[in-house]
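Based on the provided sequences and hints, a complete structural model is requested.
So the protein lines, in turn, are chains A and B. Be aware that the first sequence starts at 1, since it is given in UniProt numbering, and climbs by one per residue. Be aware that the second sequence starts at 1, since it is given in UniProt numbering, and climbs by one per residue.
Honestly, the hints are just simulated from the structure, not real lab data. Note that the Cβ used here is the ideal one computed from N, Cα and C, for glycine as well. Hints are not guaranteed to be accurate.
Within a straight-line C-alpha distance of at most 20 Å, the following computed SDA-like cross-link-like pairs (lysine to any residue) qualify [unchecked claim]: (1) B/Lys132 - A/Pro198; (2) A/Lys205 - B/Gly128; (3) B/Lys133 - A/Glu233; (4) A/Lys45 - A/Glu35; (5) A/Lys24 - A/Pro88; (6) A/Lys205 - B/Asn136; (7) B/Lys51 - A/Lys24; (8) A/Lys66 - B/Glu60; (9) A/Lys205 - B/Ala121; (10) A/Lys66 - B/Gln62; (11) A/Lys24 - B/Gln116; (12) A/Lys224 - B/Arg74; (13) A/Lys224 - B/Pro44; (14) A/Lys224 - B/Glu3; (15) B/Lys51 - B/Arg74; (16) A/Lys80 - B/Pro44; (17) B/Lys49 - A/Trp86.
Computed from the model, here is a short list of chain A residues facing chain B with C-beta under 7 Å [as the list claims (entries may be wrong)]: (18) His59; (19) Pro69; (20) Leu108; (21) Tyr155; (22) Ile203; (23) Pro226; (24) Leu231; (25) Arg232.
A few chain A positions that, by computed beta-carbon distances, are all more than 12 Å from chain B [unchecked claim]: (26) Asp38; (27) Lys48; (28) Asn119; (29) Asp180; (30) Lys253.
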Amino acid sequence: MARITAGVGSSHVPLLGVAHDQQKDRDAYFAPIFEGFDWTREWEKTEKPDVVILVYNDHASAFDMKIIPTFAIGCGERYKPADEGWGPRPVPDVHGHPDLAWHIAQSLILDEFDMTIINEMEVDHGLTVPLTMMFGDVAEWPVKVVPLAVNVVTYPPPSGNRCWALGEAIARAVASFPEDLNVQVWGTGGMSHQLQGPRAGLINKEWDNDFLDGLVGDTDRLRKVPHIEYLRETGSEGIEMVMWLIMRGALGKRTKAIHRHYHVPCSNTAIGHIVLRPDNGESFDTRDSTAASDAPLTA
Amino acid sequence: MTEPRDIHAYLAEFEDIPGTRVFTAARARQGYHLNQFAMSLMKPENREKWKADEAAYLDEWQLTDEQKQAVLARDYNQLLDLGGNIYFLAKVFSTDGQSFVQAVSTMTGVSVEEYQAMMNAGGRSPQGVRSKKDSN
Numbered sequence: 001m002a003r004i005t006a007g008v009g010s011s012h013v014p015l016l017g018v019a020h021d022q023q024k025d026r027d028a029y030f031a032p033i034f035e036g037f038d039w040t041r042e043w044e045k046t047e048k049p050d051v052v053i054l055v056y057n058d059h060a061s062a063f064d065m066k067i068i069p070t071f072a073i074g075c076g077e078r079y080k081p082a083d084e085g086w087g088p089r090p091v092p093d094v095h096g097h098p099d100l101a102w103h104i105a106q107s108l109i110l111d112e113f114d115m116t117i118i119n120e121m122e123v124d125h126g127l128t129v130p131l132t133m134m135f136g137d138v139a140e141w142p143v144k145v146v147p148l149a150v151n152v153v154t155y156p157p158p159s160g161n162r163c164w165a166l167g168e169a170i171a172r173a174v175a176s177f178p179e180d181l182n183v184q185v186w187g188t189g190g191m192s193h194q195l196q197g198p199r200a201g202l203i204n205k206e207w208d209n210d211f212l213d214g215l216v217g218d219t220d221r222l223r224k225v226p227h228i229e230y231l232r233e234t235g236s237e238g239i240e241m242v243m244w245l246i247m248r249g250a251l252g253k254r255t256k257a258i259h260r261h262y263h264v265p266c267s268n269t270a271i272g273h274i275v276l277r278p279d280n281g282e283s284f285d286t287r288d289s290t291a292a293s294d295a296p297l298t299a
Numbered sequence: 001m002t003e004p005r006d007i008h009a010y011l012a013e014f015e016d017i018p019g020t021r022v023f024t025a026a027r028a029r030q031g032y033h034l035n036q037f038a039m040s041l042m043k044p045e046n047r048e049k050w051k052a053d054e055a056a057y058l059d060e061w062q063l064t065d066e067q068k069q070a071v072l073a074r075d076y077n078q079l080l081d082l083g084g085n086i087y088f089l090a091k092v093f094s095t096d097g098q099s100f101v102q103a104v105s106t107m108t109g110v111s112v113e114e115y116q117a118m119m120n121a122g123g124r125s126p127q128g129v130r131s132k133k134d135s136n
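The following block contains the structure:
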């Protein structure tokens, strides 16, 4: 049986791809950003996931204004890096997992999510920068990837609650896939940033860190955050954080954080990163159980 | 349910954020050809044609005169008002060899250096720029 073993949240700032590709990632400006991912790179080497379900948004690369799918899933074999205006990034092609992707797509549609199926597309920095941050300089990506693209550009994007529910449905879909696969779900984009207008450059560290707190444990308060709050508090592009809720929803009722990193600035943005495990509740149940709470009295 | 059921109430809130143009359906409709023009610069051959004669290249697209002027002037605030979206407009400033920081700073009323210094110092505080009506 396929199983979701971890969730990763990460910004996907395009400048990080440039810094890595030009070997500037340990320069003074970039080192505090990349150092926050060193732990994760080592951890991924031991975790060896088979597949990453990578939630991201396309930045006018594979999709233009002709077609705007709210939720789209890549069911193809292989995706090339997109040319975003300065030539494609010199990174390996991304290999899909069509069997798992089609299984998830069918399952989600029966679960009442109207998915758009993509068989051919190019993938932009939204997808390739997180792969670089997590795996570094590699000849081939060490995982297969199921791209899951979310519209967070043209309003309205999906609600946070809908994203969380999609994550829950992805978890059910993965659990019913018969092959034994180690699957991670990554939510990318954000954190606070505004790339437009006189208010550009907005950063809200307090709100971002409260959001990171809300991903941990058994609270589901983040699913209730309305779009307007993301926009007011974290800037117009902070809305990308709804994509992290798909990852969080896929991890089940409780999570525990095993790594966390936050830094300002990264280009125009705050960089945020967190690694989560699904928590089967043992630690909570032990603490809350009658036997455990009686223990000090009988000792 | 986390969003207002009433689409008018949902959209009205976006107009209350200072210095911000949310990419609503109305803006998406107004800027359709503008954004598709920008998107065309994803292809190297189109970038070459554009660089050779910007005005002639623009004439191949169904942009309004106002939109064409704003593109030629690289007036990004005006382009946002005319339906442009930053991820599409990024194709224009990338073709110009500009970074996001360089292009974005032109919309803020300060120099690139001042904008960069603000980001290095932690960015723009949300204090005072959350709401027009509440002035906070």
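Original post:
Is the hint on A/Pro226 kept, meaning its closest Cβ partner in chain B is under 7 Å away?
Top reply: Nearest chain B Cβ about 5 Å off; hint holds.
Original post:
Given the hinted pair A/Lys205 and B/Gly128, is their alpha-carbon gap at most 20 Å?
Top reply: holds, 16 Å
Subject >> 20 Å limit on alpha-carbon distance, applied to hinted pair A/Lys24 and B/Gln116 >> reply: It holds: about 18 Å lies between the C-alpha atoms, which stays within 20 Å.
**OP:** Using Cβ atoms only, decide whether A/Tyr155 comes closer than 7 Å to chain B, and label the hint accordingly.
**Re:** holds, 5 Å
Original post:
Are the Cα atoms of A/Lys45 and A/Glu35 separated by 20 Å or less?
Top reply: holds, 16 Å
Original post:
Should the label of A/Asp180 as a non-interface residue stand, given a Cβ cut-off of 12 Å to chain B?
Top reply: holds, 36 Å
**OP:** Mind checking the CB of A/Arg232 against every CB in chain B and telling me if the closest is under 7 Å?
**Re:** holds, 5 Å
Original post:
How about A/Ile203: closest beta carbon in chain B under 7 Å, or not?
Top reply: Because about 3 Å separates A/Ile203 from the closest Cβ in chain B, which is inside the 7 Å limit, the hint holds.
Original post:
Minimum Cβ separation between A/Asn119 and chain B greater than 12 Å?
Top reply: holds, 20 Å
Subject >> Given pair status - A/Pro198, B/Lys132, alpha carbons within 20 Å >> reply: Holds - the C-alpha atoms of A/Pro198 and B/Lys132 are around 13 Å apart, at most 20 Å.
Original post:
Keeping to a limit of 20 Å between CA atoms, is the pair of B/Lys51 and A/Lys24 held or broken?
Top reply: Given pair B/Lys51, A/Lys24 is violated - Cα atoms ~29 Å apart, limit 20 Å.
**OP:** For the pair supplied as a hint, A/Lys205 and B/Asn136, confirm whether the alpha-carbon distance does not exceed 20 Å.
**Re:** holds, 17 Å
This entry does not satisfy hints 7, 12, 13, 19, 20, going by the numbered hints stated previously.
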